[in-house]
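For the record, the sequence lines run as chains Y and A.
Read in the numbering used here, the first sequence has 613 at position 152, and its numbers run on one by one without any break.
Read in the numbering used here, the second sequence has 130 at position 19, and its numbers run on one by one without any break.
Hint data in this document are derived by calculation from the structure and do not stem from the laboratory.
Quick reminder that beta carbons are idealized off the backbone N, C-alpha and C, glycines included.
It cannot be assumed that every hint is accurate.
Across the chosen pairs, the derived CB separations fall in these ranges [stated by the list, open to error]:
#: 1; chain 1: Y; residue 1: Asn576; chain 2: A; residue 2: His228; range: 43 to 51 Å
#: 2; chain 1: A; residue 1: Thr123; chain 2: Y; residue 2: Ala479; range: 33 to 41 Å
#: 3; chain 1: Y; residue 1: Gly642; chain 2: A; residue 2: Phe218; range: 29 to 37 Å
#: 4; chain 1: Y; residue 1: Leu650; chain 2: A; residue 2: Pro315; range: 52 to 60 Å
Beyond 10 Å from chain Y on every Cβ pair, some chain A residues (computed) [what the hints assert, rightly or not]:
#: 5; residue: Gly126
#: 6; residue: Val137
#: 7; residue: Ile177
#: 8; residue: Ser178
#: 9; residue: Phe188
#: 10; residue: His228
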Amino acid sequence: MNYIENIYICLAAPLLIAVLCMRGRGKAMNMFVLAGMTVCLLSSYINTFIAAVWGVGELTASVEIAPMTEEIMKFLPILFYLLVFEPGKEELTGGIIMTAVGFATFENACYLASNGANEVLHLLIRGFGTGAMHVVCGFLIAVGFLYLWDRTWLRLAGTIGLIAIAITYHGIYNILVSQTGTAAMIGYLIPLLTVVVVLLLRGKPRRTDFDSPDNR
Amino acid sequence: MIETIENAIQLTVTGLCSASALYYAVRSKERAWILLGLFAGVFFLGDLYWQLFLIFYDKTPPVFYISEFSWYTSYLFLLLLLIYINVENTEDWKFRLRPKYLCIPVFTVGMCIFYMHWGDYVGNIIVATLMTGLIWHAVYGLQTVRGQGDKGKNRRMLYIVTLVFCAAEYGIWTSSCFWMGDTIMNIYFWFDFLLSITFMLFLPALRKAVSR
Numbered sequence: 462m463n464y465i466e467n468i469y470i471c472l473a474a475p476l477l478i479a480v481l482c483m484r485g486r487g488k489a490m491n492m493f494v495l496a497g498m499t500v501c502l503l504s505s506y507i508n509t510f511i512a513a514v515w516g517v518g519e520l521t522a523s524v525e526i527a528p529m530t531e532e533i534m535k536f537l538p539i540l541f542y543l544l545v546f547e548p549g550k551e552e553l554t555g556g557i558i559m560t561a562v563g564f565a566t567f568e569n570a571c572y573l574a575s576n577g578a579n580e581v582l583h584l585l586i587r588g589f590g591t592g593a594m595h596v597v598c599g600f601l602i603a604v605g606f607l608y609l610w611d612r613t614w615l616r617l618a619g620t621i622g623l624i625a626i627a628i629t630y631h632g633i634y635n636i637l638v639s640q641t642g643t644a645a646m647i648g649y650l651i652p653l654l655t656v657v658v659v660l661l662l663r664g665k666p667r668r669t670d671f672d673s674p675d676n677r
Numbered sequence: 112m113i114e115t116i117e118n119a120i121q122l123t124v125t126g127l128c129s130a131s132a133l134y135y136a137v138r139s140k141e142r143a144w145i146l147l148g149l150f151a152g153v154f155f156l157g158d159l160y161w162q163l164f165l166i167f168y169d170k171t172p173p174v175f176y177i178s179e180f181s182w183y184t185s186y187l188f189l190l191l192l193l194i195y196i197n198v199e200n201t202e203d204w205k206f207r208l209r210p211k212y213l214c215i216p217v218f219t220v221g222m223c224i225f226y227m228h229w230g231d232y233v234g235n236i237i238v239a240t241l242m243t244g245l246i247w248h249a250v251y252g253l254q255t256v257r258g259q260g261d262k263g264k265n266r267r268m269l270y271i272v273t274l275v276f277c278a279a280e281y282g283i284w285t286s287s288c289f290w291m292g293d294t295i296m297n298i299y300f301w302f303d304f305l306l307s308i309t310f311m312l313f314l315p316a317l318r319k320a321v322s323r
């Protein structure tokens with residue numbers, strides 16, 4: 462049996478103390494990591510519930526239900542932050558990525574608890590792969606939300622679209638890593654390669670660049 | 112066998128279209144290219160998910176169709192592209208409900224009811240809504256380009272390709288209701304091939320539409 466609530470308490474407690482002790486940007490970032498872990502725990506409950514209602518196994522839940530619930534749940538803390546605090550671009554980007562980091566950290570901790578920690582090479586690849594996948598999905602929504610859509614109608618529909626892209630990307634990743642051998646390795650490598658491409662392109666597309674009068 | 116070949120062709124074409132559009136987006140800083148890249152990209156991801164599921168599990172996804180969700184999203188991005196192009200190129204653009212355009216929802220709702228005999232209700236309603244928007248904006252665009260001279264003519268191809276895309280989708284859905292087997296004689300594969308071709312036609316069409 463895997464007591465994910467116990468793991469959550471162990472990981473969340475120090476973060477919660479840090480949140481209470483810190484101020485400013487550091488406090489906000491710690492809160493996002495905590496929020497990411499919390500939504501990961503809640504996603505796990507929702508996945509289990511939906512799988513039970515539809516009567517499907519663990520594998521089907523992992524490749525068909527989990528991508529949907531996890532990506533939507535991951536966006537909820539950000540949506541709350543956005544609507545209540547109306548943050549700037551930098552704070553929001555940091556928030557989205559730190560939520561994804563918190564989510565990936567908790568997921569990896571649960572994986573360790575259920576599968577053991579004796580295969581260091583596999584854990585190294587999985588750790589980076591899962592972390593990169595969640596960060597890529599969060600980054601995708603952040604970039605779209607902050608830099609691509611400047612009108613309300615475009616932002617609303619565009620964000621729904623980008624969440625759908627994140628869900629499909631997550632689904633493809635889950636299908637591949639649920640296999641063994643080369644397929645799983647390709648699955649772990651896809652998000653890592655995406656991160657490399659994103660880092661290479663970082664700084665190039667800016668909202669002000671797109672469709673600004675200077676470029677016409 | 113023919114289905115696998117067709118899927119491989121479509122994956123290649125959508126992947127190429129998406130990569131090319133995103134390349135043009137980075138180079139030209141035009142938001143229209145981003146929308147085209149996302150349209151083709153999300154369609155590609157949906158196809159890829161579908162194909163991987165078939166390869167690894169030898170069946171289509173039984174519970175929730177992530178691929179279908181992707182395809183609906185790709186229609187949404189194409190719709191956003193058309194709205195964006197129409198808004199950018201038409202002064203005092205606003206939604207006008209003209210009686211002759213009512214035949215569009217009559218057609219899409221009629222087809223939606225027909226498809227509900229085979230598919231789920233929610234998915235069909237979403238598709239009908241998005242297709243109504245796509246056809247409406249393409250027809251509206253074709254109407255507005257008439258009085259805009261050369262500037263308008265440049266956008267005509269984009270609207271025509273969109274209508275061909277919608278026709279190919281309806282051809283695919285209708286022919287899949289009367290499945291004629293995994294053979295080249297099945298008209299489903301012809302429409303699927305036409306759909307793949309339209310993805311490549313979107314590139315020159317948009318290039319012309321955004322040229323100034």
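**Report entry** Consistency of beta-carbon spacing, His228(A) to Asn576(Y), with hint 43 to 51 Å
**Finding:** 46 Å, holds
Query raised in the report: So is Phe188(A) really clear of chain Y, every C-beta pair being over 10 Å apart?
Result: 6 Å, violated
Query raised in the report: Is it correct that the beta-carbon of His228(A) has no partner in chain Y closer than or equal to 10 Å?
Result: 23 Å, holds
**Report entry** Minimum Cβ-Cβ distance from Val137(A) to chain Y exceeds 10 Å
**Finding:** 6 Å, violated
Report task. Grab the minimum beta-carbon distance between Ser178(A) and chain Y and tell me whether it stays above 10 Å. Result -> For Ser178(A), whose nearest Cβ neighbour in chain Y is about 8 Å away, the distance does not exceed 10 Å, so it is violated.
Query - No chain Y beta carbon within 10 Å of Ile177(A)'s - result: 4 Å, violated
Query raised in the report: At the C-beta level, are Gly642(Y) and Phe218(A) separated by a distance inside 29 to 37 Å?
Result: 49 Å, violated
Query raised in the report: Taking 33 to 41 Å as the hint, is the beta-carbon distance of Thr123(A) and Ala479(Y) inside that range?
Result: The hint (33 to 41 Å, Cβ to Cβ) is violated, given that Thr123(A) and Ala479(Y) are roughly 49 Å apart.
Query raised in the report: Does the Cβ-Cβ separation between Leu650(Y) and Pro315(A) fall within 52 to 60 Å?
Result: 34 Å, violated
Query raised in the report: Taking 10 Å as the cut and beta carbons as the points, is Gly126(A) off the interface with chain Y?
Result: 13 Å, holds
Hint violations for this structure: numbers 2, 3, 4, 6, 7, 8 and 9, all remaining hints satisfied.
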